[in-house]
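*Asks:* Okay, here's what each chain looks like letter by letter:
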Amino acid sequence: MKNALRAAAAAAALGWMLPAANAATTSNNFNVSVTLTSQCAATNSGTTTVSFGTYTAFQAAAATSTSVNLTFQCTRGFSPVSAAFDTVNGTAAGVGVVQGLQYTLTAAAPTTTAGTAATTATIGTGDIKTYAVSGTMPAGQAGQCAASSCGPTSVTRTLIVTF
Amino acid sequence: MRGLLVRSDERHPHADRDVLTMTRFGSALLAALAAASMAAGGAWAGQATSTFTVEVNLQNGGGPEPPEPGGSAFCRVRNMPGSYGAVVTVVCSTGTVVEIGPPAEHASWLPIHGGSYRFLPPVSLAGVMSPGSDMDTGLGTVTSWRVFKVADRDFLEMTVRW
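From first to last, the protein sequence lines stand for chains A and B. Take any residue in the first sequence, count from 1 to its spot, add 30: that is its number in the working numbering. Take any residue in the second sequence, count from 1 to its spot, add 30: that is its number in the working numbering.
Isolated chain A (complex conformation):
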């Protein structure tokens, strides 16, 4: 009798331990959907000064500035359609005045550094669009300065990228 009870208990325990042996699977499909709005955002680092150095009044040669690289991080595969300068401290074409001296800025066509694609492990990175901005200052200008020299004087300009 005691052995019969033990056998029954063992059989019951085995039944509890192996419930999956008879389980079935089923699936239910669904979609993951998103609408991506492409964007670009400024990601400058380092110096952002377009410097003309020292300009001597009425100098015979035009002055050229240093060049700065303005960077924007954009959605991968997406490109801005245009770039222009602000009209607050100059014209959209890049003309402006600093210390009574007229200058003209130019922005070269952007170069692209491809970003990395997103994976199940990483979110990836965007494409980097780099605009090289430099300027020229015509010769023979008087400038505006009440002392023997003035400066360095700076004005703030903005590159506006439209996408």
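Just so you know, the hints here were simulated from the structure itself, not pulled from any lab data. Worth double-checking, as some hints may not be accurate.
[Stated by the list, open to error] Among the chain B residues that face chain A by a calculated CB cut under 7 angstroms, a handful are: (1) G76; (2) A78; (3) T79; (4) F82; (5) V84; (6) E85.
[As the list claims (entries may be wrong)] To give an idea of the interface, some chain A residues facing chain B are shown, with a C-beta separation under 10 angstroms as derived from the structure: (7) C70; (8) Q174; (9) R187.
By construction, the Cβ of each residue, glycine as well, lies at the ideal position given by its N, Cα and C atoms.
Position chain B against the provided structure of chain A, taking the given hints into account.
*Replies:* Chain B alone, transformed into the frame defined by chain A:
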């Protein structure tokens, strides 16, 4: 939009013939909306801005550039009529137009860079400068001078620049 139009037609039991027509209409409408959007300057467009500075150091003189022929490293005379009492405009790199004349209220003039001043002290017949008129003093370089007589009085005219 094209998908929405197709589903709308599918819900209509007798619209099979119209599916293609509506699809074409949807495509045409989509193209028209896109064209209108572009013509309107891209109302959907976004902008990103990047700020930078433009810098210059202006030097009025003493730089590596030699003075221009017939002029000065600092100032240029725009018109020189040559008659006494005429107005001569001198444009300087200071950005200010320098007036050649006595200072206001006969105070001592300040040696501002790029300035110019015309002395006109009257001289008596004995060769003594008369006080009380244009007797102000200051530092500078005499660039021209002359003696002339007006109303029986001699005047020593000096133009001083600095």
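*Asks:* Each of the hints needs a verdict: does it hold here or not?
*Replies:* Tested hints:
| no. | hint | result |
| --- | --- | --- |
| 1 | G76 | holds, 5 angstroms |
| 2 | A78 | holds, 4 angstroms |
| 3 | T79 | holds, 5 angstroms |
| 4 | F82 | holds, 4 angstroms |
| 5 | V84 | holds, 5 angstroms |
| 6 | E85 | holds, 4 angstroms |
| 7 | C70 | holds, 4 angstroms |
| 8 | Q174 | holds, 3 angstroms |
| 9 | R187 | holds, 6 angstroms |
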